[in-house]
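Chemist: Please model the complete structure; the sequences and the hints are all you need to start from.
So the sequence lines, in the order shown, correspond to chains A and B.
The first sequence runs contiguously to residue 251 in this note's numbering.
The second sequence runs contiguously to residue 265 in this note's numbering.
In case anyone wonders, no lab produced these hints; they're calculated from the structure.
Check before you lean on any hint, since a few could be wrong.
What the hints assert, rightly or not - Each computed DSS-like pair below joins lysine-lysine, with the alpha-carbon atoms no more than 25 Å apart:
no. : chain 1 : residue 1 : chain 2 : residue 2
1   : B       : Lys101    : A       : Lys10
2   : B       : Lys133    : A       : Lys209
3   : B       : Lys246    : B       : Lys233
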Amino acid sequence: MAEHSGGFLKSLEDFSTNVSPIDFVLIAQHYDLFLQGVVNTIALVVLSLVIGGVLSVPLAVARAYRTPVANQIIWAYVYVFRGTPLLVQTYLIYYGLGQFEIIRDSALWPFLREAWWCALIAFVLNTAAYTTEIFRGAIEAIPWGEIEAAKACGMSPWTRVRRVILPSAFRRALPMYSNEVIFMLHGSVVASTVTIVDILGAGRTLNAKYYLAYEGFIAAAVIYMILVFLISRGFKTWEKRWHAHLRPREI
Amino acid sequence: MRLRKLATAIAAGVLAFGLGTAAQAGEKLRIGVEGAYPPFSWKEADGTLKGFDIDVALALCEKMGRECELVEQDWDGIIPALLAKKYDAIVASMSITEERKKRVDFTKKYYHEPAKFVARADAKFEGTPDGLKGKVVGVQRGTIHQCYMEKIFPGAELKLYGTQEEVFLDLVSGRLDAQISSSIQAQEGFLQEPEGKGFAFLGGDQFDLECHGEGAGIAVRKGDNELRLAFNKAIKAIRTDGTYTKINAKYFEFDIYGEEPPPGS
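Modeler: As structure tokens, this is what we get:
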């Protein structure tokens, strides 16, 4: 029996290496490499989205309320980070900052020394800039009536933001924000250019090791597609709950 | 003057047509090069490609009587792009190894040189499997050096980079404790330069036949024997007529070809 299954595995391997256009056995043999890639990608994307999301809320409020000085500074920050590619931002933080002795001697260096932290910093700054704009737009799109009603109830400005404006803005921003999450996942491939073994990094490592043209990329593409499927599914469920009041009602 | 140029062009054209096979004659030969590996190949500020590999490639083209076009390609995609017919041959300091021979065919070597570690001159460790245990070592992805590190130095923490220039950047910034690459490339492209100050070779030549192979050759697609043999003939020709020596002298003070291969090999 054992011999028999051994023979089957052998012929499967033979088929995979010599006949099949994709060497799937070779990919399967390196599942641990891709697993490491998935963990790195998810950790980077989730952390940057959480931190960037938290940062973006006060920035968006300050922008929407045209808070003097802060408004201009935040506008400039958003402009710079939306106006330049994520790859350039990551390179500047990873290779650029490392060139200065002041930075290398500073207390920040233990973090900036690690590619992982450099990528996280770049991703956080990038996604915070985009999310600020998404939230700002959502806040400004709130119907005047909602705010007037809140005023009429005697809510203070702060209570209005907390109870009416932000919840309403988050709901409105949800479909846009799901795009940002998917873009961030795709943008995270930049990590593979600064030595991090993310999903694409795993694919590149596999390609480089065996001088393959596409096996590693196909494996990476399939994994990204599965992740995007899960993300869009998750957001759909979320929207169903948050937008329940918008669903067409049966009469 | 102009007439003579025209006459030369026609003569060259007729010659090329006469020598080449019908299928090849009119077609440009496209050669994949790297462009980020001084002194073997680098890009000038104005975008032109320079270096030992580039000069050798152009000299070989001239000897073969073919018009050539250099195609720049990042190292980690350099074999896949050959297989995808983005170009027909690779002249990019590629070592002839068994693992690569599974994917491409090689000409005879056109130079050979040892690999060496580079670290801070005052490094407190040795370039041995014990000395590099737990140390962070950088290599360019998909090189013979990656193979060598994974095989002989499993205890070291390996970081993979797209280009050799990035490896040196991170060596300077202190993210890497050491790096391993071709010794000439490290000497000319880094140690001699201002940014290489305070760094030195760590230990002597590193060699493993399985990983390092017999020297750098020109890669062609499997079964492209016509082109491979034409390159072999051209390599021999530039070795005997002094072109190689001239190119060699432009970049190095010693003979980079290494030992003559045994006759009949």
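Chemist: For every hint, state whether the structure bears it out.
Modeler: Here's how the hints hold up against the structure:
Between lysine 101 of chain B and lysine 10 of chain A the alpha-carbon distance is near 23 Å, which keeps this suggested pair within the 25 Å criterion. The straight-line distance between the Cα atoms of lysine 133 of chain B and lysine 209 of chain A is roughly 22 Å, inside the 25 Å bound, and the hint therefore holds. Pair hint lysine 246 of chain B plus lysine 233 of chain B holds up; C-alpha atoms about 18 Å apart against a cutoff of 25 Å.
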